[in-house]
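Participant: Residue numbers (our numbering), protein chains in the order written: chain A, 19 to 269; chain B, 19 to 269; chain C, 19 to 269.
These are computed hints drawn from the structure, not numbers from a lab.
Don't take every hint at face value.
Note: identical chains are not told apart, hence a pair may lie in one copy or across any two.
No farther apart than 30 Å at their CA atoms in a straight line, the calculated lysine-lysine pairs in the DSSO-like style are these [unchecked claim]:
no., residue 1, residue 2
1, LYS44, LYS32
2, LYS44, LYS117
3, LYS77, LYS117
4, LYS161, LYS226
5, LYS143, LYS167
6, LYS32, LYS167
7, LYS77, LYS173
Since the model is a prediction, treat every value here as computed from it, not as a measurement.
The lines below spell out each chain.
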Amino acid sequence: MNFQLNNIPQRTEKPRENGLTMVMDKGFSVRQAADFMEVGAAYTDFVKLGWTTALIVPKLEEKLAVYREAGAHPYFGGTLFEAFVVRDQFDDFLRVIEKYRLEYAEISDGSIALPHEEKCEYIAKLAQHVTVISEVGSKDNTKIMAPYKWISLMKAELEAGSWRLIAESRESGNVGLYRESGEVRQGLVDEILNEIPNEKIIWEAPLKSQQVYFIHLIGANVNLGNINPAEIIALETTRMGLRGDTFHYFI
Amino acid sequence: MNFQLNNIPQRTEKPRENGLTMVMDKGFSVRQAADFMEVGAAYTDFVKLGWTTALIVPKLEEKLAVYREAGAHPYFGGTLFEAFVVRDQFDDFLRVIEKYRLEYAEISDGSIALPHEEKCEYIAKLAQHVTVISEVGSKDNTKIMAPYKWISLMKAELEAGSWRLIAESRESGNVGLYRESGEVRQGLVDEILNEIPNEKIIWEAPLKSQQVYFIHLIGANVNLGNINPAEIIALETTRMGLRGDTFHYFI
Amino acid sequence: MNFQLNNIPQRTEKPRENGLTMVMDKGFSVRQAADFMEVGAAYTDFVKLGWTTALIVPKLEEKLAVYREAGAHPYFGGTLFEAFVVRDQFDDFLRVIEKYRLEYAEISDGSIALPHEEKCEYIAKLAQHVTVISEVGSKDNTKIMAPYKWISLMKAELEAGSWRLIAESRESGNVGLYRESGEVRQGLVDEILNEIPNEKIIWEAPLKSQQVYFIHLIGANVNLGNINPAEIIALETTRMGLRGDTFHYFI
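Please construct the entire structure, taking both the sequences and the accompanying hints into account.
Facilitator: In structure tokens form, the structure reads like this:
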């Protein structure tokens with residue numbers, strides 16, 4: 019902190035087990051990544067290279083190096099895993115992970131129909147190589163799952179070897195956990211939290227109202243994902259109760 | 019591509035006649051332009067300096083040089099043409115084109131009332147100096163044209179010497195081709211495509227839902243315009259069927 | 019201007035008393051600040067480091083230096099004042115102002131309940147050290163004030179020593195002066211202008227439709243605030259009647 023302000027909620031520090039922030043890079047240049055790290059390194063635990071952007075973004079190795087040197091773990095979006103699986107190229111996916119020396123990988127089934135047993139097998143296989151983050155929830159707004167279904171999938175994925183679960187929202191924050199309007203499906207969230215330890219979940223919350231909701235519900239050290247890099251300082255002030263929206267949460 | 023993924027739709031390569039992407043720069047610094055080109059050069063055919071921003075943006079020559087060296091054609095928005103014409107300064111407009119050694123120019127009548135014959139005369143005159151892109155459609159949401167009108171204007175402008183037609187949407191994607199909600203006027207698009215070769219049209223499509231619509235309708239190599247520079251990698255993955263929205267279009 | 023276009027409304031020049039633009043920086047890196055100043059220095063009078071971001075943004079001194087060298091006055095958002103006051107740390111706030119050699123400070127009560135007399139005392143006290151900008155209006159959408167109330171608060175704050183008044187909108191442009199939809203509360207604006215000289219007010223207007231509204235109402239040289247840095251060139255063209263939205267205002 020640049021100066022002293024009393025009674026600020028204690029934030030966890032790196033390497034964090036809780037209070038994680040996962041930010042989405044959807045096509046930064048190397049210098050843009052460096053600018054983001056200049057302000058965000060202390061507050062960013064993971065940088066997800068959104069969906070399949072890692073396939074085509076230039077200077078990928080250099081960008082990964084920028085994030086690593088700043089102490090943020092880069093990994094590739096779950097849609098990349100799906101793109102390999104749907105093409106029967108899972109072994110090539112493993113080679114990509116090896117080529118880029120990734121320590122984390124995301125497994126999802128938001129865009130493909132993957133029998134859940136098979137998804138869990140992929141989780142178990144990948145967990146031998148990297149730390150696995152698995153995503154629950156469809157990117158398709160018409161496929162609404164009942165809470166008990168979310169919970170049983172989550173439990174099975176943890177058992178299969180997932181380190182953390184990501185609750186789907188997309189970049190736009192209007193599917194999965196959220197209604198099309200971006201509003202939180204509160205009943206769903208309550209039921210999940212009744213069965214799964216909140217530390218195990220990274221809530222995708224791209225919109226400010228969604229971040230505020232989860233900070234209010236769980237506290238400054240909730241795990242949040244799909245954060246816009248330009249909002250990393252803003253999010254941190256929101257977590258600390260230093261923005262209009264959360265001003266009275268911690269005092 | 020950074021690694022091998024099978025069965026990706028074949029994208030055209032530069033210099034493209036089809037599958038064009040026109041991106042809008044609404045006031046980048048020289049370094050921001052360079053960052054954009056680092057990631058987007060291969061995917062960007064044209065950079066439009068939005069509306070009249072070329073008049074006041076500092077270091078204009080340097081920025082144009084950045085785009086040219088990266089192999090993207092810069093040009094000035096059609097509103098600049100209109101600003102000169104409404105002031106009876108068309109000859110000064112020609113001098114601006116010459117001063118900045120532009121190879122492309124956009125002619126539009128989105129903000130002024132210009133008799134269509136006169137617009138076509140301007141197209142013919144300009145076509146002697148540069149490659150002309152002409153824009154059809156008003157920026158005014160209350161001026162909705164019937165499809166037959168769009169088609170007859172488009173045909174006349176091609177005949178007058180336009181190389182490509184731009185279908186208006188504004189930066190915000192809520193006029194011309196689109197309803198105020200941003201939804202595509204599908205009947206209009208169908209009728210246009212029945213009469214005008216799709217290769218001749220650059221569809222302004224600033225919103226993701228609009229890009230997805232045209233990629234679904236016409237394919238990976240549809241011409242798209244008014245793309246946000248920050249979305250250039252995202253758009254390319256969308257074209258290639260590698261994003262949730264288009265995941266099943268090409269497999 | 020890069021070339022000659024006739025009949026453009028005369029914009030005031032720095033140091034401006036009128037036609038002020040206040041831009042919001044919500045967490046730029048030093049280089050991002052420099053990029054912003056490369057294009058925006060001539061058009062930007064004030065840079066507000068949004069709400070409490072000054073507390074945690076890295077390299078704060080360097081960033082302030084970038085803005086100062088470019089001739090834009092940096093200052094800290096009013097929420098920072100409130101964060102100190104609510105913790106009974108006003109003296110520490112004075113020390114922060116001194117430490118960073120700030121020449122301007124914003125006083126607000128958007129997030130805390132502060133008796134108005136007390137707010138005016140803070141204005142008077144601060145005015146001995148810096149030029150005070152005070153903000154009127156709540157960040158809470160449910161607290162809608164009648165126009166006479168806005169006016170009486172504004173008059174009292176000017177009397178207490180405020181140099182300019184800011185009319186609240188938040189970063190999102192949907193409270194205070196605006197309905198939840200972002201629409202201007204026109205009756206409110208009219209009544210304020212009937213009693214308070216428009217030169218004394220900086221209208222927070224983050225959305226384009228709001229900027230267009232005030233430019234139409236008051237002219238090219240209206241004072242506008244909470245502008246997105248990426249829109250600084252766009253705003254200037256809008257002020258000059260060189261964008262579709264304002265094309266016919268000054269010709």
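Participant: Does each hint fit the structure? Answer for all of them.
Facilitator: Hints, verified against the model:
Both within a single protomer and between protomers do LYS44 and LYS32 lie at most 30 Å apart by alpha-carbon distance, with minima of 24 Å and 23 Å respectively. Taking CA atoms no more than 30 Å apart as the test, LYS44 paired with LYS117 passes inside one copy only; the shortest distance there is 21 Å, against 37 Å between copies. For the identical chains of this complex, LYS77 and LYS117 are intra-copy neighbours only, at 14 Å inside a copy versus 35 Å across copies, given an alpha-carbon limit of 30 Å. In this assembly of identical chains, the alpha carbons of LYS161 and LYS226 lie at most 30 Å apart whether taken from the same copy (25 Å) or from different copies (20 Å).
Only within a single protomer do LYS143 and LYS167 lie at most 30 Å apart by alpha-carbon distance; the minimum there is 23 Å, versus 60 Å between protomers. In the homo-oligomer, the alpha carbons of LYS32 and LYS167 never lie at most 30 Å apart, since the shortest distance is 33 Å inside one protomer and 48 Å across protomers. Taking CA atoms no more than 30 Å apart as the test, LYS77 paired with LYS173 passes in neither setting, with 38 Å inside one copy and 43 Å between copies.
Of the numbered hints given earlier, the model fails hints 6 and 7; all others are met.
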